[in-house]
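Student: Chain residues, written in single-letter form:
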Amino acid sequence: MANFSLKVNGKTQEVDVDPTTPILWVLRDNLKLVGTKFGCGIAQCGACTVHLGDNAVRSCQLPVSAVGEQSITTIEGLSENGDHPVQKAWLEEDVYQCGYCQAGQIMNASAFLKRNPNPTDTEIEDAMNGNICRCGTYTRIKKAIKNASSISNA
Amino acid sequence: MTLIKTTYNRRSFLKSGSLAGGGMILGFSWLASCKPTPEQVSNIPKEWFDINSFLKIGDNGMVTIMSPNPEIGQNVKTSMPMIVADELDVDWKNVIVEQAPLNTDIFQRQLAGGSQSIRVGWSGLRMAGATARHMLVAAAADAWQVDASEITVDAGVISHAASNNSAGFGDMASKAATMPVPEEVKLKETNDFDIIGTDRLNVDGPNIITGKPLFGIDIQEEGMMIAMIVHPPAFGMTFKSMNADAVKSMPGIKDVFPIDVYKDETEKQWSDAGGIDKLVAIVGESTWQCMQAKKALNVEWEESSALESTEGHNVALTKLLNTSSKQPARKDGNVASAFKKADKVIERTYSAPFLAHNTMEPMNFYADVTAERALFNGPIQTPEFLEKTLASRLGMPVEKIDIKMSRMGGGFGRRLYGTFGVEAAVISQHMQAPIKLVYTREDDMTQGTYRPTYKVKYKAGLDKEGNLIAWHVKGAGSNDDLLFENRFPAGAVDNYLAEKFSLETNVTTGAWRAPRSNFIAGAEQAFLDEVAEAAGKDPIEFRLELFDRAFKNPVGEPENNDYDPVRYAGVLKLVREKSGWDGSEKNGAARGVSAYYCHNSYVAQVLDMSTDTKSPTVNKVWCAVDCGIVINPMAAKNQIEGGIIDGIGHATYSEMTFEDGKPQHKNFDTYRLIRHKEAPKEIESFFVDNGIDPTGLGEPSLPPIIGALANALYKATGQRHYNQPFITEKSVIG
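Chains A and B supply the protein sequences, listed in that same order. Read in order, the letters of the first sequence correspond to residues 1 to 154 in full-length UniProt numbering. Read in order, the letters of the second sequence correspond to residues 1 to 734 in full-length UniProt numbering.
Do not rely on the hints blindly, as some may be mistaken.
Said to hold, decoys possible - With a Cα cut of at most 25 Å, we get these calculated DSS-like pairs of lysine-lysine:
id, chain 1, residue 1, chain 2, residue 2
1, B, 331, B, 552
2, B, 294, A, 32
3, B, 620, A, 146
4, B, 254, A, 32
5, A, 143, B, 578
6, A, 146, B, 677
7, A, 146, B, 263
8, B, 681, A, 88
To be clear, the hints were calculated from the coordinates, so they are not data collected in a lab. Predicted model only: the values in this text are computed from it and were never measured.
Chain B with its partners taken away, still in its complex shape (with noise of 0.2 Å):
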């Protein structure tokens, strides 16, 4: 039995109340770290319906679930309530889920990003639906006069089988508002789930299909005006002066305007990172409009600062990969001697472009800001962050601003950075009107906050019996240093130095779908299969060496290495199993694997290619994933299925290149993504059934996929393939 105290989260209250006309309502601050405020504490019954941060039961035995963190398409609207509603023993159908607002006195992390809202969310979820059923038995064993031991719950029916009582939930929900509140409760066993790890549909998916509102760019409002931004066409230049009088008399154009979207005054904030501090803003009454009105609109700028080009990144990251660190970020044994000794030593370097987000859904957000208070609805993965810049930008508390978060049509990293909210919140102050700003195609790929451009060299050196004896990764990227020094194979050689170096631009980067692992994972992977050629070895076998190595008797503390080698190797193993690899062609398809471990989950992949065509078609892959317990198998796999092919997208076919400063693709008509006729043909996914709490699942499945594209491709064509996106080298995909 596993027993969870309630009592932390006392802290920020935990209480029940009654609804008007019956039910129940308990408030719980399921991911709370917080400081309730004096009037939290005094004023209980208001407090249910300003902190909506709830569980709600209504007498007719219907559950509101609110789900607390922003929804980007990782399916945490429908997973995250699942937990609630698997310790509450309701039935799924039973539930209604809705989006809470953000509240930093009651939620903590209401954030889309790095993998981490179910890992994090999960003791709190649990507790929560958990202690809601222990006050609904302790109602019904009070009214029954009965033990609530002997009381079972299933499906939203609590009985006692001694007495023949049973009653629903609603029936139970207004006298188990008056119970106290538990100091702890009991979880359930992971074995005893029967919401958690069984599919269930997202619970948006009517909506979807329908064309219902649910996305930022959606948002109408009475009294809404439209507006648009036009930024810089180059990093490196800013605003100098624009005449927008024959603009302004254009039909439907109410105004336009230089904003300062970064005040020089206050202090730098999350959402000010990666903006572009000064911008014209355009408003107008229609989208079409603004449009027009954006086309016909000129303004000067001038040079900033210098004007980057692509050609001066790449030879700028080869200079950096040519020195050396004084400071290297992990040095194990002695690598010079080992190198010196190895009998055959490989070295090869890796390169990726840069990459624009391209959420589907351009940035968008809607402001509403007078002198009293600011409201704000729309996509942002961080709109605490968001809250705290608005707050600093327009001198106005937290309080005093309200922000809604809108399911996103995508984000990958982009709405980490809210400058489009700070944007709309100038925007609508200026023009003392509720606006919706909207950013075109152009915009949005043009603004910048790109993944950054990364160079790696690797050296490794083997002995005569093919042993891995020493190791040298040098990394650089744009603005990032991109190595995890203390990652696989750290820990798995006795001669090891990693050394990165950062070069510092002002073409904007960010954060983008597992931020370093996009780039690194596959590059090393495709260099550990050249490694694995050299020595002889069947590549899976000879992953599987260093990893009996890493955890027999680990190079450094163990716990200086970020992986757990038998997770590690158990999904290798699963992979090998499930492809029935055996290290040659199946069915005249060339193959490749790899491996990967982010985001606290474990991940390996063999990909097929078919070789029978001009040009490969990846026909098949096949996915172990190791994160831990699996809340909804459908959805799950769907984010599996969307990391692979986003990995063989981007690595096959995108780039972000620059030239004098101007980002050289605006549009899907040039900038190249993935479609239908690339995508593979089939995708198997398996999850290692192990008990463990779970981990993230949103990105893992992304990084090591392109490692294996670049060992089948190498199966396929007989060529390495060493820069992406791979389309610029010779062999193509489908």
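The following block holds chain A by itself, in its conformation from the complex (with noise of 0.2 Å):
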């Protein structure tokens, strides 16, 4: 067990873990934040994304170590009242069926409309290729992402 000091949606958070524990589990486990999904534990499937810095991440394969300075957003940080271009989209759409993917989605969704403004349609295919969506909303994903391009840009 070893301290950490992890900055974590805009707050400074104390953790006493096992520094090989991966961010996902000292997120939903120790901090109570349980936005950011498991769904298999070896980065196939994207359910855990989140933002580390400006990149999105697969907190299942991040060791708390590993972490130091950077800070780090989750679904719960990503907008003060839910109201993140992406999220708005999201909203608008109606994309999720049982939605448990969809915080995993949003992640990586934000974090590569922040690379890329104004995707086409293939690079939002390739970009949001690891996020598995096993209800099949990715029609309306694409759609909500083409949407909340618009509304950045606006």
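Two independent chains are provided; combine them into the complex using the hints.
Tutor: See below:
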């Protein structure tokens, strides 16, 4: 066990955990931020996607000891009032079915749009290919990302 | 005018009462078939708060509607309350939806499965809303001393034009609670619906996009520990022994112990089915600590029955298809003599592998069991069945068992089988503490309860004019005999023979989205495409001829044919029109068509596949659906799109295989699911507007798309596909 000071959603939080613990479980079990989801544990499904700085990362593969000073943003901290352009677009398109993978989809899409504010369909498909949606909301996710892109650029 | 008797519901009591501080609470049993207990009858006010089966109207006009059924992503938490709200004539923006807990005394069929929530709930939900509206109107009529028939209600406002009186629901709610519950109520004409048939956003949307704790796996309770299980590595193996001493001293680990999930002396209940009787439980402070312990633990397993393999299953299924059934499932005419007379005979065999459900939220359940009572919370499609199983396993009456239903991160049939709930109960009982059981993805994927593996052999005979004169189908599956012998084309062919076989295996199987249909529809519709081609007919025309026959001159008694040929033909005609089908390629795209009936609904699809890339890509799917009245078109289209993507994905990429009883895929690195790039570029859905009471929607779009895909692949590549997943055959998608 070791102490770590983590910057999560703009706040500094102290945790005492095994240094190999993936950030996913620190968020869910220690910090009670359960919006970040467990899907596969081997970085194949994208349900656990969070932002490390500006980058989308798989929190199930990121040990707490590797985070250091970098800031972590989860779905709970993406915006103060749930009004990030990607969240708004998701609402408008009524994207979700079961909803379980969507935090990961939204976190991946928001990091992607920051890098590429005007993506083509193919770029969206490539960027989102690591996030599985078992309910099959892929066509709506694509629409929502295009919609979010136009909200951001308006 | 439609009148609906409320009396049958009075058996379980439709009552009203006042809310403290003003307002009305209406207890109703929209899905009730039940017998009230004596306490319920004698103790009315208490009942309101006990039964949790109600519609509440606050003095500010806000209406709370309980959603009775479990939510797995099929959107009933939005669509069921919409039906109540429409008959109530409340403004949807003033509705708050709450998930009802399990209460088998009050609700009937609190179950997510078979695409039946809306179909079964329809009348009761409407009655509930109409009854509340009736009582609000009666209250206003009494207050204003006017005739109730002159009163109008619009969006939560009650008005009487002649006396110039007007009041909100909130103003009348307390008084309405004192009005007698009507013996019968008037329901709206379908063209008067103003919420039903309109797009309404998912009521949980704002919570989903902000990561609120909605799902079972998100449950956090004071003093709760995490539990994990270790199950046998192979079907046919069982627990022998273990040495857990070293693991027990690992950081955070509280206990490691074997559990009897199913106890020998108890009668096997629904939620015991398909479970693993003996497991090892690990309980600890955190998930990661449990995962580490799980890796370090050495358990010795022993063989208890045959260690099966995929090759063995295939050989056994083929052998079954080469035998004859002594008692065919259905026999019309004489296929043997018809095949002799036929001008052309075509015979093809199709197969599909076992599939895991792979809900994105792995199995999990919260349990807090003490000697006095047992509390549960989590994702379960069959809470009532689980409660009965728990009562049996814990030796506790159901009254002492309380189950809350969390939102589910997918169901697809997997959470019909709640052994994980029983496991959680037994672990909590052993620990004498609340626990949350969480499966790893590997546990989830290798536990079983798979979609069965199937094989089907079709033989069709055509006369010189290209008429279908004989149809012989033989179907077989693992622990499942596959066929629906009275579905199309039964009734449309003079000589028809259906034979079915079940292969006993120890690999556990269960319902997987659109059971049986998820394979048989694709096989049948791909075969029909080949038969139409051999007959020299357009595939849609060929099908329409058969439906025409089944309508005008059905073979056998019409009631023995499980479909309505007119509605079936209707969706085919609609999709033909919308896709501009004329039998030729469109814009260089290869096209396939398919139609199927299941879960009381009819679906026809045209799929366009581009042929200009190295591997074919699905450009567009047109989908025509007849599911009667559509409650929420935006959400209905989501279900249709999901089913199409699910069907294309599994038929193309997914399979579970076995060697020596061991599942050969444990996670998404080798078990392939469809991803963004492989999904159709566009899906357009059309609903038949016929005002018929609503039928199933969560499953029916999946089965036929596999046929449309196979038929388009043939046009794109020249190759017919017989064995799923298609990626194991020559051409691939995307």
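Student: Could you tell me which of the hints above the structure violates, numbers in ascending order?
Tutor: Structure breaks hint 7 only.
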